[in-house]
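Asker: Protein chains in written order, with my numbering: chain A, 95 to 586; chain B, 8 to 195.
Since the hints were derived computationally from the structure, they do not count as laboratory data.
Don't be surprised by glycine CBs; every beta carbon is placed ideally from N, CA and C.
Fair warning: there could be bad hints in the mix.
Derived list of chain A stretches under chain B, where covered just means 3 residues or more per stretch with a C-beta under 8 angstroms from a C-beta of chain B [to be verified]: (1) 191-204; (2) 277-290; (3) 302-316; (4) 460-468; (5) 541-555.
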Amino acid sequence: MYEAALPALTIMLAWPAPLYLVLGTLLGLLFGILPGLGGPQVLALLLPITYGMETNLAIVLLVGAMSAIAFGGSIPAILINTPGTPQSAATCFDGFPLAQQGKAGMAIGAAATASCLGAIFGAAILTILLPVGRYVVLAFSYPEYFMLALMGLSVIAVVSKGSLWKGLIAACLGLILSTIGYDPVTGSVRYTFGTDYLWDGIRLVPAFIGLFAIGEAIDLFLGRGKIAQSPYTGKIGGITKGIKAVFKHFGLFIRCSAIGTLIGIIPGVGGAVTNFLAYGHAAQASKNPEGFGKGDIRGVIAPEAANDSKDGGALVPTLLFGIPGSLEMAVFLGAMIVLGLDPGPRMMLDRPEVVLVLIYTLVAGNILVALIGIFGAGALVKLTYVPATLLAPVIFALGLMGAYLTNELLADVIIALIFGVLAFAMKRFDFSRIAVVIALVLGGLAQKTFHQTLLLWGYKGFFIRPISLGLFIITVAMIVFPYVRSRLRSRG
Amino acid sequence: MSNGNRKQKAVRTDAILFDLIILSFFLLFAFISFAYNPRARSIPLALGILGSVMTLMQLLVDALPGLRSKLRFVSATGLLAKEDQARLKDSEKPDSEGIATSDPTPPLSARKDISIGREWGRVLRIVLWLAGFIVLLAVTHYLIAVGAFIVLVTRLEAKESWKRSILLGVCTNLGFFILFELLLKVQL
Numbered sequence: 095m096y097e098a099a100l101p102a103l104t105i106m107l108a109w110p111a112p113l114y115l116v117l118g119t120l121l122g123l124l125f126g127i128l129p130g131l132g133g134p135q136v137l138a139l140l141l142p143i144t145y146g147m148e149t150n151l152a153i154v155l156l157v158g159a160m161s162a163i164a165f166g167g168s169i170p171a172i173l174i175n176t177p178g179t180p181q182s183a184a185t186c187f188d189g190f191p192l193a194q195q196g197k198a199g200m201a202i203g204a205a206a207t208a209s210c211l212g213a214i215f216g217a218a219i220l221t222i223l224l225p226v227g228r229y230v231v232l233a234f235s236y237p238e239y240f241m242l243a244l245m246g247l248s249v250i251a252v253v254s255k256g257s258l259w260k261g262l263i264a265a266c267l268g269l270i271l272s273t274i275g276y277d278p279v280t281g282s283v284r285y286t287f288g289t290d291y292l293w294d295g296i297r298l299v300p301a302f303i304g305l306f307a308i309g310e311a312i313d314l315f316l317g318r319g320k321i322a323q324s325p326y327t328g329k330i331g332g333i334t335k336g337i338k339a340v341f342k343h344f345g346l347f348i349r350c351s352a353i354g355t356l357i358g359i360i361p362g363v364g365g366a367v368t369n370f371l372a373y374g375h376a377a378q379a380s381k382n383p384e385g386f387g388k389g390d391i392r393g394v395i396a397p398e399a400a401n402d403s404k405d406g407g408a409l410v411p412t413l414l415f416g417i418p419g420s421l422e423m424a425v426f427l428g429a430m431i432v433l434g435l436d437p438g439p440r441m442m443l444d445r446p447e448v449v450l451v452l453i454y455t456l457v458a459g460n461i462l463v464a465l466i467g468i469f470g471a472g473a474l475v476k477l478t479y480v481p482a483t484l485l486a487p488v489i490f491a492l493g494l495m496g497a498y499l500t501n502e503l504l505a506d507v508i509i510a511l512i513f514g515v516l517a518f519a520m521k522r523f524d525f526s527r528i529a530v531v532i533a534l535v536l537g538g539l540a541q542k543t544f545h546q547t548l549l550l551w552g553y554k555g556f557f558i559r560p561i562s563l564g565l566f567i568i569t570v571a572m573i574v575f576p577y578v579r580s581r582l583r584s585r586g
Numbered sequence: 008m009s010n011g012n013r014k015q016k017a018v019r020t021d022a023i024l025f026d027l028i029i030l031s032f033f034l035l036f037a038f039i040s041f042a043y044n045p046r047a048r049s050i051p052l053a054l055g056i057l058g059s060v061m062t063l064m065q066l067l068v069d070a071l072p073g074l075r076s077k078l079r080f081v082s083a084t085g086l087l088a089k090e091d092q093a094r095l096k097d098s099e100k101p102d103s104e105g106i107a108t109s110d111p112t113p114p115l116s117a118r119k120d121i122s123i124g125r126e127w128g129r130v131l132r133i134v135l136w137l138a139g140f141i142v143l144l145a146v147t148h149y150l151i152a153v154g155a156f157i158v159l160v161t162r163l164e165a166k167e168s169w170k171r172s173i174l175l176g177v178c179t180n181l182g183f184f185i186l187f188e189l190l191l192k193v194q195l
C-alpha cells in the first residue's frame, strides 16, 4: 500500500483536488456549525453531486466535508453553549465557561489544535493498521463475509442508545428492503410491484437523501425558530495561549486521542460517546479536577482530541471490513459503493491510491478547518441565527434536486420523499436509522455470500471455518449480553 | 381524564399506528415471497417472519404497557444507553443513533401546547408541499419549481414575509443555477 504514497500525494495536490478540498471543508464546517445538521446530512446531499465525478476528486470532496464536521460543531459549543453536533456536546462544559470569562479565543485555539493533531493521530493509526487488510483477504471467504455483515448489523443495534429491540427491527426492515430487485444468485426479480424502476433495487443515493436530509429537514422545519437562542457578543482573542495549552497538556492529548481512535474502531459507538468518555477521563485522571465545568482548558482539549481522532479509527472497520464505524461512515460507505469502489479487504489491494488520498484528505481537511475556525469563528457562529424555517426549505429543495440529479428520474425523488417521512417517523418513535442504512448497504453482500456459502458448503459452512464460527459466537454474545446484563441488574 | 393522561394516550396511539404500518409491511413482504422460487424467497421470507414477530411484540408492549414487565427483553436498551444518557445533560437527549439533539427548539410532541394530531397534520402539510414540488419538477423547468416551492413554503407555511420569501427564492435559484448549470454542467 505504501508504494502508492507518492502517486496519491500527486493526485491530492493536482488541480482541481485542492479546490474540492476547500469546498468540501467549507460545506462540512457549515453543516457542523448548524445544530441539527451534521456529517450524514452533508454527505447525503453531496452524494448526487459526486455522481459521475472522478473517484479521487469525489473522495476529496466527501472526506473534506466529513473532516470539518467535528471541529465545526465545537465553535457554537464554545461560543454560545450550543453544540453544532452531538460529538461536541462535552466541549460545552468548559468551552462555554471559558468564553464567558472572556477566553473564547483560548478555547477556540485549544480546540482547533487538539482537533487537528487528534485527526493526525487517528490517521496515523489508520495508516498503520490498514496493511493488515492483505492478510484478511487471504483468510476470508463467503461465510466470513456473511458473518461479518451479520455482526456489523448486530453491533449497531446492540450498541445503540435507544431500544435494542427497535434497533433489531430497523435492521430487519433495512435487510428486507435490500431484497427488492434482482436476487443476486437466482436472478429472480422480487418486490417490484410492476415497476421497472425497482428492478435494480432501492437506490442508495435517494434513500440516504431521504433518511438524512429530508427527514432531518422535516424535524428542523417543525421545530421552527432560530437554531441558536443566545447571541455571542464577546471578542475572540488569546488564540496562541490555547494552542500552547495543548502542548502543555500533551500527555492528556495523547491519551484522549488514543481513546477516540479506539472508540472509533468499535463499529457503531460513534462520536456522541467518545467526547464524554474523553472528558470523563480528563476529569478523573486530574489531580485537581475542581476546575472542570468552570472553564478548565483541559475540558476542551480532551473531548476535541478524541472527537477528531475517532474519524481515523472509524475508518478502520469501514475500509478494512466494509463495516461502518459510525453513522457518518455508514453514509460514506454507501457513497464509496455508489462511486464504484469496493470497501473491504480488497480495496487495500485494488485501489491503494484511493485509500491514501482519503487519509491525506482527512489530515489536510482538519488542518484547513482548524485554520478557518481560528480566524473566522466569530463570523461563522452568526450562521446559527438563521431561522430554521428558512434553512429547511432550502434543504428540501437541494435534497430532492440531488435525488433527481443522479438519474434524472422522478421515481428517485419520490423514493427520497418516502424515506424522508420514514426517517422522521423512525426518529420520532426511537427506531434506529443507522441500522436501516447499514442493512441497505450490507444487505446485498449478506444475501450473496449467504447463498454462495450454501452452494459450496451447505449450512455447516458457517460453522466449520474458525473465523466464521468465531464471528458467529461474537455476534450471538453481543445480542445476548444486554439481556443478560439487564436480568442481572434487575436481580441485583 | 387529565391533560397529561390524554397526551400520553395520544403519544401511544401514533406509536401503535407506526408499529402497525411496519408490521403490515413485514407481513406483506413475507406473503408476496411465496410467489418466488424457494431459493429466492428464503431470505425475504425469513426476514418477513422474524420482522413480523418482533414488531408484533413491540406493538403489544406499546399498546398494553402492562405487558412490559413480562416482555422485558422488548424494552432492553443498547449497551451504551444508560452510561451515555447519564452523562448527557437534560438539553442533549440522545436519539436512537445516540445523536444528542442539541437543538434548543424541542420536537413538537414535547411542547405541551401542540397536540400530536396537530404535529402529524403539519407533517402531512409538509409532505404535500414536497409532493407539489415533485409535480412542479415534472411539469416545469427545475428553476421554476425550486423558486415557486421556496417562496410559497416560506411565505405560506413558515409565515415569513413576502420580501424574505422572495429573496430566499431568488438566492436559492441563483445558487442552484451556479451549482447545476455552471459548475456541474448538468442538462436538466
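Asker: Taking the hints in turn, state whether each one holds.
Answerer: Hints and how they fare:
| no. | hint | result |
| --- | --- | --- |
| 1 | 191-204 | violated (count 0) |
| 2 | 277-290 | holds (count 6) |
| 3 | 302-316 | holds (count 6) |
| 4 | 460-468 | violated (count 0) |
| 5 | 541-555 | holds (count 3) |
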